[in-house]
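All chains, please: the whole structure from these sequences, using the hints.
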Amino acid sequence: MSDATTRRPCAGYRATHFRYEADGDGRVATITLDRPERKNPLSFDSYAELRDLFRALVHASDVRAVVIAGAGGNFSSGGDVHEIIGPLTAMGPSGLIDFTRMTGDLVKAMRHCPQPIIAAVDGVCAGAGAMVALASDIRIGTPRARTAFLFVRVGLAGADMGACALLPRMIGQGRASDLLYTGRAMSADEGAAWGFFQRVVEPERVLAEAHAYARALADGPTLAHATTKRLLHEAWAMPLDDEIELEAQAQARLMQSEDFRRAYRAFLEKRSPKFEGN
27 MSDATTRRPC
37 AGYRATHFRY
47 EADGDGRVAT
57 ITLDRPERKN
67 PLSFDSYAEL
77 RDLFRALVHA
87 SDVRAVVIAG
97 AGGNFSSGGD
107 VHEIIGPLTA
117 MGPSGLIDFT
127 RMTGDLVKAM
137 RHCPQPIIAA
147 VDGVCAGAGA
157 MVALASDIRI
167 GTPRARTAFL
177 FVRVGLAGAD
187 MGACALLPRM
197 IGQGRASDLL
207 YTGRAMSADE
217 GAAWGFFQRV
227 VEPERVLAEA
237 HAYARALADG
247 PTLAHATTKR
257 LLHEAWAMPL
267 DDEIELEAQA
277 QARLMQSEDF
287 RRAYRAFLEK
297 RSPKFEGN
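Numbering (this note's numbering), first residue to last: 27 to 304.
Take these hints with a grain of salt, some might be off.
Claimed, not checked - Listed next, the in silico EDC-like pairs over lysine to aspartate or glutamate satisfying Cα-Cα at most 20 angstroms (straight line):
#1 Lys255 x Asp285
#2 Lys296 x Asp285
#3 Lys255 x Asp267
#4 Lys255 x Glu271
Hint data in this document are derived by calculation from the structure and do not stem from the laboratory.
As structure tokens, then:
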């Protein structure tokens, strides 16, 4: 997590374009995309607010894991046709690049925030919604989850919000090419077999499973988790020798942490450690 002198609580955040809730001790935050009557589409405002929230989480002293879900049996149908696609057709070049950079900045903010993000994916998970799920660290799906990177269906490239970088690394080049060229929906079974979903559970259990996963991480060594997330991200563009050196330096720093000492004392005392994130 970030330095203690700059960290501040985020549990009291008040969202405008989605629901934001923190659990009792503030360690697990839940973001709910909450326009169920339209399958939780994103608007210009919700894109920007999500980006800004994930940027703020870099400095949060309380939140240690994040769950993101959709209301009403669907995750998200992506960019709203009426509120986004329609207006985009009337924009000039500068407005369009501002928009595409903003959507990409949401993915960057998710990848750079230190907290693990767990997506609870039920029903429709399409377009930008699929990218939000992809940008998360862990995905828990349901048998009825249908994930589609359907940009091609509106005449756009599959190269959107980092899809051409993230998806092949997740499921392989050929499978990613198939989904991005065709815009077809990936079934839950495919998603589980290909590593997109870490587990698939019944719809009535998906949110509870995501929260349980998030709680286990939030109660763990969060400083170490933040380091793992950062190095997983940085390793993509780094030679193996450089990555091994970076991991050696990071691990040596963590060996100076109080959490490392707490774990050792707990082992000697034959009890579970209680990590504090420092």
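Taking only the CA atoms, is the gap from lysine 296 to aspartate 285 under or equal to 20 angstroms?
-> Holds. Lysine 296 to aspartate 285 sits at ~16 angstroms (cutoff 20 angstroms).
Could you grab the alpha-carbon distance between lysine 255 and glutamate 271 and see if it respects the 20 angstroms cut-off?
-> Roughly 16 angstroms separates the two Cα atoms, so the pair holds.
Hey, lysine 255 versus aspartate 285, does the alpha-carbon distance stay inside 20 angstroms?
-> 17 angstroms, holds
Hinted pair lysine 255 and aspartate 267, Cα distance within 20 angstroms = 19 angstroms, holds
When held up to the earlier numbered hints, the structure conflicts with none and fits them all.
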